[in-house]
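Trainee: Top line first, the protein sequences correspond to chains S and U. Each residue of the first sequence is one higher than the one before, starting from 7 at the first, in the numbering used here. Each residue of the second sequence is one higher than the one before, starting from 968 at the first, in the numbering used here.
These aren't lab readings, by the way, just hints derived from the structure by calculation. Hints may contain errors.
[Stated by the list, open to error] Which chain S residues face chain U? A few, computed with CB under 7 Å, are given here:
1) Ser36
2) Lys38
3) Ile83
4) Ile91
5) Ile130
6) Leu184
C-beta: ideal position from N, C-alpha, C; glycine also.
These are the residues of each chain, in order.
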Amino acid sequence: MSSTADIETLIARMALGDRAAFSALYTATSAKLFGVALRVLDNRAEAEDALQEVFVKVWRAAGTYQVNGLSPMTWLITITRNHAIDRLRARRGATGGMDELAELADLTPGPEALAIASSDSGRIAGCLGQLEPDRADAVRRAYVEGETYDELARRYGVPLNTIRTWLRRSLLKLRECLSS
Amino acid sequence: MTDLTDREEDQTIAAEYALGLLTPPEARAFEARLAVDPQLRADYALWAEDFVALTDAIAPVVPPKSVLTGIEAQLFPQQKRSLLERLGLLPAMLGGLTAALVVLFVTNQGWLDQPGVGPAYTASAQIAAEDQSLVVLARFDPAAGALRIERSAGGALPGRALELWLIAGDNPPVSLGLLPQTATGDIAVPEALLASLDGGVLAISDEPPGGSPTGAPTGAVLAVGAVTTI
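Looking at chain S on its own, in the form it has when it is part of the complex:
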């Protein structure tokens, strides 16, 4: 993986229409972004379509990168995650699919995955560990599975207002922990 500065330079060159920079960015980041799309969508063909759409977006949005305040990999992964979740939600809507939720894989990373997790991920993992397990799980499900308040309420068998209240409280605790 290229360094943060390298990726920033590639994005800046893409904003000027530099196709070689686009190829280099694709080479450096497509496997990670494809992994994220696959993880969210759990469907290879859909993840391939999503990745294609993501890189088209990235090429067109390269000029706006510098103003958003995100690090380059965060920007790229966030675009990918959000796009994949839009697709996932469209799919759920189309199939009426709350039933599918039970089939989604458990979010707890296995031992191999934990081993390759970087030190950065230790911070949020540590702070999530300070929340009650089902609340930490709800945050992960919202981020990685794109679950909505409505879906989370059904999953945990509580009213919508209740899930929102406790998740918001959990997020505030999380912020305190992450900023400390």
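Could you slot chain U onto chain S? The hints should help.
Mentor: Chain U alone, transformed into the frame defined by chain S:
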């Protein structure tokens, strides 16, 4: 106390936005605030950075080649094999004010080089716009280590400059410098770039006085020509 609560509220709603938990009207309202509130943007950026760490454990998977092919077909349609597309100059050209179609004039050595007259040029290119609004002949004189420039049509716009670029293969354009304001003149070619001339492409872009501030073309690409070795 009220301020703290407001801050907490902002931090929480920024997290909900980052997670995608807001309803569409709530998300739109948040985005409207985001556009004008730097503190809120910082709150959001903080969450985005923290949450993205949840993807650290996701292993990379190499996508099939068809994905890249699909992207290129969508972003760079039809010009797939064209010179401009290979140069990566198309977006710059489309973004420019003069989105003139540019075609390639392969040098006709028969009329460019009159046998036995003048220096022994080793490479040349005619860099021209399709409508001939800009025509520049560039010939490399190895004795001088420079391109002899002869501009027979067109020129820089008032308050603007013309910049000459060398593109080798899929590499990004490398500036060779500004075209002389006079119709003829020399542009020295750094020794490191000599090898790239052979089979390379020369392009001229419209730039601010003093040339591109970024090291890559920023204005319209006005003319392009392939280098042929003599």
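Trainee: Hint by hint, say whether it matches the structure.
Mentor: Here's how the hints hold up against the structure:
no., hint, verdict
1, Ser36, "5 Å, holds"
2, Lys38, "5 Å, holds"
3, Ile83, "5 Å, holds"
4, Ile91, "6 Å, holds"
5, Ile130, "5 Å, holds"
6, Leu184, "5 Å, holds"
Violated hints for the displayed structure: none, as all numbered hints are satisfied.
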